[in-house]
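Could you build all of it, start to finish, from the sequences and the hints given here?
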Amino acid sequence: MNKQFNFTEKANEQITDIKDYLFRVLANWKWFVLAIGIALAIAYFFNISTQKIYGLKTTIAVKEKQNPLFATGTNIAFNWGGVSDKVENIRKTLTSRSHNEKVVKQLKLYIDYYVDGKFRKEDIYGKNPFGIKLQVNQYQLLNNFIKITFIDNDNFTISVDFNEDSKYKLMNYTNESIKKFTPENNSFSKKYAVNEYINEPFLKGEIIKKNPENNLSGKTYYVQLKSINQVTNNYKNIGAKGLSGTSLIEVSLTGANKHKIVDFLNKTVEVLAKDQLAEKTDYARSTKRFIDEQFKNTSDSLKLIEDNIGKFKKRNSIYDLSAQGVEIFSQTTGLDKVQKELTDKIQYLKQLENYIKTHTNYAKIPAPAIINVDDASIAEMVGKLTELSVKKEQLANEVTANHPSLKLASHEIETTRKVLLENISSLITTINVSLDNSKKRLSSYNYKLNKLPNKEQKLLNYQRKYSLTESNVVFLMQKRYEAAIAIAASVSDITVLDSAKDTGQGYILPRTSFNYMIALLLGIILPLFVIIAMEIFDNKINTSEDIERISPIPILGVLGKNMADNNLAVFLKPKSTVAESFRALRSNIQFLISRDLKDKPKTILVTSSVSGEGKTFVSINMATVFALGGKKTILVGLDLRKPKIFGDFEITNKKGVVNYLIDDSDLPSIIHKTKVPNLDVITSGPVPPNPSELLINSSMDELIDKLKKDYEYIILDTPPIGLVSDAIELLKYADTTIYVARHGYSQKGMLKMINEKYLKEEISNISIVLNDFKVKAKYGYSYGYGYGYGYGYGKYSNGYHENEKQSFFKKWFKKKKS
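In this note's numbering, the protein residues as written are 1 to 818.
All the given hints hold, so there is nothing to weed out.
Cross-link-like lysine-lysine pairs, in silico, DSSO-like; alpha carbons within 27 angstroms at most: (1) Lys501 to Lys267; (2) Lys102 to Lys226; (3) Lys774 to Lys540; (4) Lys752 to Lys732; (5) Lys655 to Lys675; (6) Lys465 to Lys439; (7) Lys314 to Lys465; (8) Lys210 to Lys260.
The hints are simulated quantities; they were obtained by calculation from the structure and are not laboratory data.
What follows is the structure, given as C-alpha cells:
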C-alpha cells in the first residue's frame with residue numbers, strides 16, 4: 001500500500017517537473033515571437049529578392065517512319081532509314097553539347113538584353129523592343145554590360161565602363177576565335193542613330209527597332225554578349241526523360257525567362273527533327289549525288305556515240321543493217337546489257353568488300369549507287385552492320401573502353417562483318433559464273449558478226465554501244481527519280497505531341513510556402529534550442545525548487561527585489577512587498593528558536609556563500625523588522641574584511657568591533673544609535689591585518705555576553721562562509737543561522753560545503769533565504785511563495801503594498817549611481 005502511494009507521488013512529481021519545465025520554456029514567448037517574426041521577415045525578403053525560376057516542358061514521340069511511297073522491292077539505297085528504336089539515342093542527343101550549341105546559335109542566345117530591376121538586372125528576352133545586329137566576322141566585346149540609353153525614338157547613347165584591373169576579351173562569332181582587348185579609357189560614351197553602323201574597336205553592328213511605333217525615349221537598356229561555349233554550358237540542365245513503356249520523351253528546362261525557355265524547347269525539337277531527317281535521307285542523298293554524276297557522264301557518252309553514228313552513216317553511205325545484221329544486233333544487245341549489269345554488280349561488291357576489309361567504322365558505308373543489291377542477305381547484313389556501328393559510336397561516348405556493353409557491341413560487329421564478307425565472296429563467285437556463261441554466248445554471235453561486211457560490222461558495233469549506253473541512261477534516270485522521291489517524301493521520326501508554351505505557369509523557385517514553413521520552424525526551434533541550452537548550462541539558483549533539489553536545508557522564505565534607494569528597505573518603504581516579506585521571515589524565525597530561549601536574548605547569524613548575495617541587506621532589514629516590532633535590537637558588523645553597514649545608517653566606521661576586540665575602545669563607545677527606533681549598530685571598524693584571529697579570541701565571547709544583557713535580538717552580519725572561515729567560527733554564538741542565496745546569482749555548487757556540514761550535524765538550526773527573487777512566469781510561479789512573501793504580487797496585494805514600479809530611466813540612473 002505504501003509502495004503504491006510512493007510510486008504515485010513520484011509520478012506526480014515527474015509530471016509537475018515536466019509542467020514546470022514547459023512553463024519555463026513558454027514563459028519566453030516573447031523570444032519566440034521575436035525569432036519567428038525575424039525568420040518570417042528573412043523568408044519574405046528571400047522570396048521577393050530571389051530570382052524567380054520557371055519550369056516548362058514539351059513532349060515528343062520518337063517512332064521510325066518508313067516511306068509510304070516505297071514497296072518492298074525498292075532499292076535499299078533509298079528505303080533504308082537508319083537505326084530503329086531511337087528513343088535512347090534521341091534522349092542523349094537532346095542533352096548533348098553539340099546539339100545545344102546549334103540551338104544557341106540559331107536563336108542567338110549569346111546576346112542578352114536587360115533592364116534595371118529592383119534587386120538585379122532583369123532579362124527581357126522576348127520583350128526587348130530592339131535588337132542588335134552584329135557584323136559578321138568581326139570581334140565583339142564579351143561579358144561586359146553595354147548600356148544603351150535612348151535619347152529619343154531615333155537616337156541613343158552607347159556607354160561602357162571599363163576597369164583598369166580587368167582583362168577584356170573580344171569574340172568573332174563566325175569562327176569563334178577570341179582575342180584580348182585593352183580599352184584606351186576607363187569609360188566610353190557615344191551617340192548613334194537607329195540603323196546606323198556602330199564601328200568601335202569592341203563593337204561592330206547596328207541597333208534595329210522591332211516596332212517603329214514603340215516609344216523608347218528616355219529608356220535605358222543593357223546588352224551583354226557571351227561566348228557560345230559559355231551560353232551552351234548554361235543549358236546543361238535540360239532534361240530529356242523517356243516515359244516508361246512508350247516511345248515518348250519529355251523535354252524540360254528551367255530558367256528565369258519563360259520566353260527564352262519556350263523558344264529554346266521548341267527550337268531544340270525543331271533542330272532535332274531536321275537533323276534526324278537529314279540523317280535519315282543521307283544515304284539516299286549520297287546515292288543521288290553519285291547517280292547525278294554518272295548520269296551526266298553517261299549522257300555525254302550517249303550524245304557522242306549518236307554523233308559518231310550519224311557521221312559514219314553519212315561518210316560510208318550506209319543507213320540500215322541487213323536482215324542478218326538486225327538479228328545479230330538484237331541478240332548481242334541483250335547479252336551486252338546482261339554483262340554490263342553483272343560487271344557492275346561485281347565491281348560494287350568488290351568495292352564493298354574492300355571497304356569492309358580496310359575500315360573499322362561502318363556507320364557510313366558507300367552507297368550502292370546504281371546497282372540493285374538483289375541479294376536479301378547482303379542488304380540485311382549491310383543495314384545491320386551500319387546499325388551496330390552507330391550503336392557502338394554512341395556507347396563510346398557514354399562508357400569506358402572496357403565496359404561490357406561496348407565489348408559486346410564490338411563482338412557483334414566483328415561477327416556480322418565476317419558473315420557479310422563470306423556472303424559477298426560467295427555472291428561474287430556466283431556472278432562470275434553467270435558472266436562467263438554470258439561471254440560464251442556472246443562469242444558465238446561475234447563469230448557470225450565477223451562474216452558481215454566490214455562497214456556493216458562497224459555500224460552494228462556503233463549501234464550496240466549506243467543501245468547499251470541508252471539503256472544505262474534510262475536506268476540512271478529511273479534511279480535518280482526514285483532517289484529524289486525518297487528524299488522529298490521522307491518524314492522525320494520526331495513528332496511533337498505537346499509543344500512548349502507560356503500558359504501563365506507560376507515559378508517553381510523559390511518555394512514560397514516551403515520557405516515560410518522553414519522560417520516558422522526555425523523561429524520556434526532556434527529559440528527553443530537556445531533556451532534549453534541555457535537551462536542545461538545554467539548553474540545558478542533560480543527558484544526555491546532548485547534549492548530543494550540540491551540541499552537538505554529547509555527554506556525559510558523568499559525575498560523580492562529591493563526597490564528602495566538603499567538597504568533600509570523595511571524602514572523606508574514599510575508597506576512594500578519586501579517589508580512584508582521580512583515580517584513573514586520574522587514570524588518564521590520564531591518557530592526556529594527553541595522554547596528555552598523564548599524569554600531570553602536571541603542571536604541570529606546571517607551569512608552566505610560569496611559576496612554580493614545580499615547578506616548585508618538581509619542583516620540590516622532583519623534587524624530593522626525586529627526593532628520596528630518593539631524589540632530592542634542591535635546589528636553587529638562582523639565582516640571585518642569588507643565592512644558595509646555603516647553607509648546605509650549614515651554613521652562612521654572609525655570605531656567598531658575591531659577596536660573593542662583589540663581593547664582600543666569600550667563597548668558604549670562603539671555602539672551607534674540609528675534613526676530606526678529600538679535599533680543600534682556596531683560597525684566592524686578599521687580593517688585589521690588578522691581578522692580571523694580577532695574573531696576567535698576571548699574578547700568576542702565577552703562582547704556577545706555583554707550584548708545579551710542589553711538587547712533582545714542580536715543580528716550578526718558575518719563574512720561569506722564560502723570564502724573565509726570566519727563565519728564558521730562565529731556559528732557557535734548563533735541561536736539560529738540564516739544562509740542567504742541570491743536568485744540568478746548564487747551558483748548551485750556553492751551550497752555543497754554547507755550541505756556537507758549540515759548532513760554531518762556540524763551546523764544545526766540553519767535555514768536558507770532566497771533573496772532578490774524576481775517574480776516572473778518563466779519560473780512557473782506568478783503568485784509568490786507562502787514563506788516570507790505573504791500575498792506577494794497580485795490582485796490581493798492592492799491597498800496593502802506601495803506601488804514599487806519604476807520607470808526605465810529611474811532604474812538606469814539608480815544603476816549608474818550605484
